[in-house]
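K.L.:
The chain contents come next:
There are 10 protein chains.
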Amino acid sequence: MDRIEVTKKIMTAKVAKKMKWADIAAKIGASKEWTTAALLGQMTLDEDQAATAKELFSLTDEETAWLQIVPYKGSLATAVPTDPLIYRWYEIVNVYGTTIKELIHEEFGDGIMSAIDFSMDIQREPDPKGDRVNVVLSGKFLPYKQY
Amino acid sequence: MDRIEVTKKIMTAKVAKKMKWADIAAKIGASKEWTTAALLGQMTLDEDQAATAKELFSLTDEETAWLQIVPYKGSLATAVPTDPLIYRWYEIVNVYGTTIKELIHEEFGDGIMSAIDFSMDIQREPDPKGDRVNVVLSGKFLPYKQY
Amino acid sequence: MDRIEVTKKIMTAKVAKKMKWADIAAKIGASKEWTTAALLGQMTLDEDQAATAKELFSLTDEETAWLQIVPYKGSLATAVPTDPLIYRWYEIVNVYGTTIKELIHEEFGDGIMSAIDFSMDIQREPDPKGDRVNVVLSGKFLPYKQY
Amino acid sequence: MDRIEVTKKIMTAKVAKKMKWADIAAKIGASKEWTTAALLGQMTLDEDQAATAKELFSLTDEETAWLQIVPYKGSLATAVPTDPLIYRWYEIVNVYGTTIKELIHEEFGDGIMSAIDFSMDIQREPDPKGDRVNVVLSGKFLPYKQY
Amino acid sequence: MDRIEVTKKIMTAKVAKKMKWADIAAKIGASKEWTTAALLGQMTLDEDQAATAKELFSLTDEETAWLQIVPYKGSLATAVPTDPLIYRWYEIVNVYGTTIKELIHEEFGDGIMSAIDFSMDIQREPDPKGDRVNVVLSGKFLPYKQY
Amino acid sequence: MDRIEVTKKIMTAKVAKKMKWADIAAKIGASKEWTTAALLGQMTLDEDQAATAKELFSLTDEETAWLQIVPYKGSLATAVPTDPLIYRWYEIVNVYGTTIKELIHEEFGDGIMSAIDFSMDIQREPDPKGDRVNVVLSGKFLPYKQY
Amino acid sequence: MDRIEVTKKIMTAKVAKKMKWADIAAKIGASKEWTTAALLGQMTLDEDQAATAKELFSLTDEETAWLQIVPYKGSLATAVPTDPLIYRWYEIVNVYGTTIKELIHEEFGDGIMSAIDFSMDIQREPDPKGDRVNVVLSGKFLPYKQY
Amino acid sequence: MDRIEVTKKIMTAKVAKKMKWADIAAKIGASKEWTTAALLGQMTLDEDQAATAKELFSLTDEETAWLQIVPYKGSLATAVPTDPLIYRWYEIVNVYGTTIKELIHEEFGDGIMSAIDFSMDIQREPDPKGDRVNVVLSGKFLPYKQY
Amino acid sequence: MDRIEVTKKIMTAKVAKKMKWADIAAKIGASKEWTTAALLGQMTLDEDQAATAKELFSLTDEETAWLQIVPYKGSLATAVPTDPLIYRWYEIVNVYGTTIKELIHEEFGDGIMSAIDFSMDIQREPDPKGDRVNVVLSGKFLPYKQY
Amino acid sequence: MDRIEVTKKIMTAKVAKKMKWADIAAKIGASKEWTTAALLGQMTLDEDQAATAKELFSLTDEETAWLQIVPYKGSLATAVPTDPLIYRWYEIVNVYGTTIKELIHEEFGDGIMSAIDFSMDIQREPDPKGDRVNVVLSGKFLPYKQY
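Chains as they are written, first to last, in the UniProt record's numbering: chain R, 1 to 147; chain Y, 1 to 147; chain W, 1 to 147; chain A, 1 to 147; chain D, 1 to 147; chain G, 1 to 147; chain B, 1 to 147; chain L, 1 to 147; chain C, 1 to 147; chain V, 1 to 147.
The hints are all genuine.
Computed far set for chain L versus chain C, every beta-carbon distance over 10 Å:
hint, residue
1, Met1
2, Ile4
3, Ala16
4, Ala26
5, Ala30
6, Thr44
7, Ser58
8, Gln68
Taking CB as the label site, the calculated pair distances span:
hint, chain 1, residue 1, chain 2, residue 2, range
9, A, Thr78, V, Lys20, 30 to 40 Å
10, D, Tyr90, V, Lys101, 44 to 54 Å
11, D, Asp121, B, Glu55, 46 to 56 Å
12, D, Leu40, C, Ala77, 28 to 38 Å
13, W, Lys17, V, Gly97, 27 to 37 Å
14, Y, Asp61, V, Tyr96, 52 to 62 Å
15, V, Lys20, A, Thr60, 19 to 29 Å
16, V, Ala115, C, Ala77, 23 to 33 Å
17, V, Gln123, B, Ala79, 43 to 53 Å
18, G, Lys9, L, Lys18, 28 to 38 Å
19, L, Asp23, V, Gln123, 43 to 53 Å
20, B, Glu55, G, Ile69, 52 to 62 Å
Keep in mind the hints are simulated off the structure, nothing from the lab. Just so you know, even glycine gets a beta-carbon here, dropped at the ideal spot from N, CA and C.
My request is simple: use the sequences and hints to build the entire structure.
P.N.:
Written as structure tokens, this is what we have:
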């Protein structure tokens, strides 16, 4: 058994029980973004969260234990994703990658925006011309320090 | 001559003249995000903007004309970027890709967040524990419509 | 012109003038590790450091300006390095990668050891059975926070 | 049967029994770094260590025997690792690889830092600005000798 | 000299002279779709069209002759295009490929839609919710005949 | 079940019953060329033909239904075939490809010879110096039309 | 100098002088199919033919000599051709490859149809529904003999 | 079932019964070279030969029928073979390929040496300095004829 | 300068002077097979042979010296050769590779036929049904010795 | 069944019975180097050796027969081995390859060092500074002979 099998079981249960990530997140007690990532096998649950997940998805003790183990991360099967929704994000990195680099460096100097000390908030932004997806990414700036 | 050569000339001039993207953007009359992407060869300038760029970077008439031509886009040399700053964004797509997909689908149904009817705002977010990079991505939701 | 050409010119001057990284670092006013990385095109120099480098390596004004621009990082020509010394480090990541992951997670929980808020110190460790290379890597632990 | 199957069984037992590498290492009688690498299939246990592992993880006689056989090493599924923690180490090799090479050669002359006559110590380094991961790598310098 | 060099010369002249495909097409005396494909090196011009092109782009006699030679076709540098506009068409083939196959077969039986006895019309379709690109592809159905 | 399995079953039955393609074609009521292609999974049978095939090869109802579905075409395992007979045809395309292109274009102008509105006739041509294979390929010329 | 350079010179001269393969073949004294293949660098000319070619394309003595040397054959840049006309022929090999194999074997037994003792005749076949390309391939059957 | 499975069964029976190719060939009534190639799945047996093989290797009726079907030829798993004996032959083609080409063309003109109207004889050639393998390859010369 | 350039110069001289390999070999004083391989850059000439070649092909002193240096061998541009004559030899290795392996092993036991202690003789074999190419390959058998 | 399955069974039995290659070799009656290669599926055992192996590893009659058949050789899963011990040998070939070629040629002239008429002896060489692995490779020099 490994984490991937637990993820598959969770997805199967979610589909069968017609659950929503937002509702699951409310029960887990975390944002929908973090909860979804965690249950898709990218984050680590604490004991209480795992117990909630156990109940929600009818997991065994061993499956529940795996949720509390830090997973080997990475959710894409290929370097360039084929799913249209995820591809758009890859395209943003491809088209805007050097732009993002130039602007963060201009504002902060040499360093990176952390993908770990990081949070993401995905919201619907009503718009008469068609609603928009509004995503706020917040990552700590980590400077390359001189030593 | 092609657009890539124009981009190299702009970068060399910018380095030699110690210009900043924010100042350049103010003169071009657009956001710093869009201006940077445009001058890095990913967007198209209008005639006035190109004229401003011509002066700023001492371009020839033909180089100026190329800025008004829609470029063949894509700014990365490899599918997986090696630069740490850009890699973190790739990693976000890799670790959170399926999460983003699930949550947008849950909120909006099947469709994508546009990478074209799209804007990006990169700001410094002061934080006593270390300033953060705050990025707002706003993309129109484009539903797969049933027809 | 780009940063790679500046790096090549620096390497050529260093060889011709028989300089040592430790001496160069003393003049630049930073550790030998950081200075070497910077002059090999991986870090960004400030104005004073760049001025020192200009003098040491007989650089032009434009070359000096490039040293103050954040570079596109990455120093290896291939994903798996062929140089025996660098390969040993790749091999350490390959053989010990999952071990490092398990132990950092066990001690700190889910997160990473930063490669940005990071310093490295390379020292000779005298040993009667043959001197050793002693490397201390110090990277801030960055936890995946729940949100 | 092969060593990979034994590793999977050990991981599943460790998860089910909620064991810690540090405790396992204490029982095995070796450092946590070496013990973890060994039980993840990269090192070879002696008879007593294997007997301890047999008891800890409820292994069969044949599985126990495999632990005493030198394994075919290598723990990563891809040349460039996707897990963020392990990737950061790969990035260190990528960004600092030529720097490490220059400095070891400057101090020791031509040769390598051994990845075999090698030890690693991973410790938490308390820091008011956020604890750090402190890693000491100690590898014998092996000179290319002239002969 | 070959056709690719002639195409480059035409593109440079078009940029320098700020010509539009629609105007060029009107002078060439064909649709803008066909004319663009032809001048990008994918179709063959007749003698009159080539003479017009000669004048428009200041071509030599030999360059003009090449325009009347059937070219070796194919215009993309990579199997998966990186330019967002062209990628969307690739995505249509990827996502809808089997659908298109099923539906044409259901309506017509076994055969293909010709890419040769084929025309394409690209028009702006005004729409209060945002103008649309309206593309009509018209290809003769070519049945696999039994014989 | 898919079409490939049906093809394998047909081949096994044909081998076991020592049938000939020419005889099978006579019963199916089509040319031997078309019939062979169809039963090797490249063409679509109509209801009567499928019923005949059902009887000839002792197929089940489901297998018979598959024969009436337009298949995903392509019969070679590798881009360059290893079988000597099929390789010779590949070699003809390789050695004579540009010749065929030049001559058809010279005679017909820009366009292609259809591989759909196409028939093939393979006959023995007695010859005192050794019989020859005479193949007539007839494909409709499809011009690129100007529009 | 090599044969490829001679082929390029011939093509450029043919374009500049607006010659036709059929007329060139009449002067060379061979079929248009063979002549075209020969002048595209796939066949060997005899001394008289080379002398005619010398005059037709204004070749030097050395270039003329190369035409009489057996060339390294193969005219495609990629294993799968991208030009639509040549691709259709590749598609014929792909879709009908196993069919051709089965039928030649059924008629002749194990062996091949020669691509060397081979001739090709390409003709226009008038057809009220659209003219057709009629190609006759005639290759000697070469049996695998038992020994 | 296909020919590859029949080949595996033959090899296993040959190993179990400790048969020799020379003896098998004597019973089949053909040279050892042809017989071995045939039973390794590269040639076609006639009815009598297949009956003999049936008895020798305890084949079923269907397996026996497969031996009389022309196989899809090719016996190597990779384009460049790894087995040392077969690699030496590949090396001969690689090192002497252009030499063979030059000499056959010098003697015969443009054409090939047939690999179909071909026989091979492998013999031990006693030699006091170590016995040699003497291989005679005899292939009909097939000229490219002009037409 | 390297050996490949010397080979090109030799080929150009041979074409210009209409020399034959057999005549060249007689002057070099070795078989036509060895001489051709040597002058195509696969073998090493001794001083006298190089002096003869110098005169025959009007080489410079440096070019002549290169002929006496052991070359890096290998004469094919691609793993699978596209030239029909050389491909037939590749096909022989592909179709008969496992046969050759079985028969040499049956006669000699485990080992190889040397491609170094090796000679090749290519002769015309008159045959009323069409002359044949007769090739004798003689390679020392090299057994894997037990030790 | 094939040789690879026999090798796996031998390895599992060896692990289960805690046998040593040196002891196995003594019973087989050959050097440890040859015996290990043979039992790992790279060499051929004679009847007595196979009978000994049968007893040692509890093989069936058929498995024992396979040991006496010359295997298809090659033991690595990837072109560049990941195991550190095997990688060092790959590195020797990579770093010293051209050196070895130059020196053998300088001493012996054009030719190779045989990998067949070859033996290898691996011994511990006591050394106060740390014991050494002493490997003697002995391969017959095989000159390219002129003929």
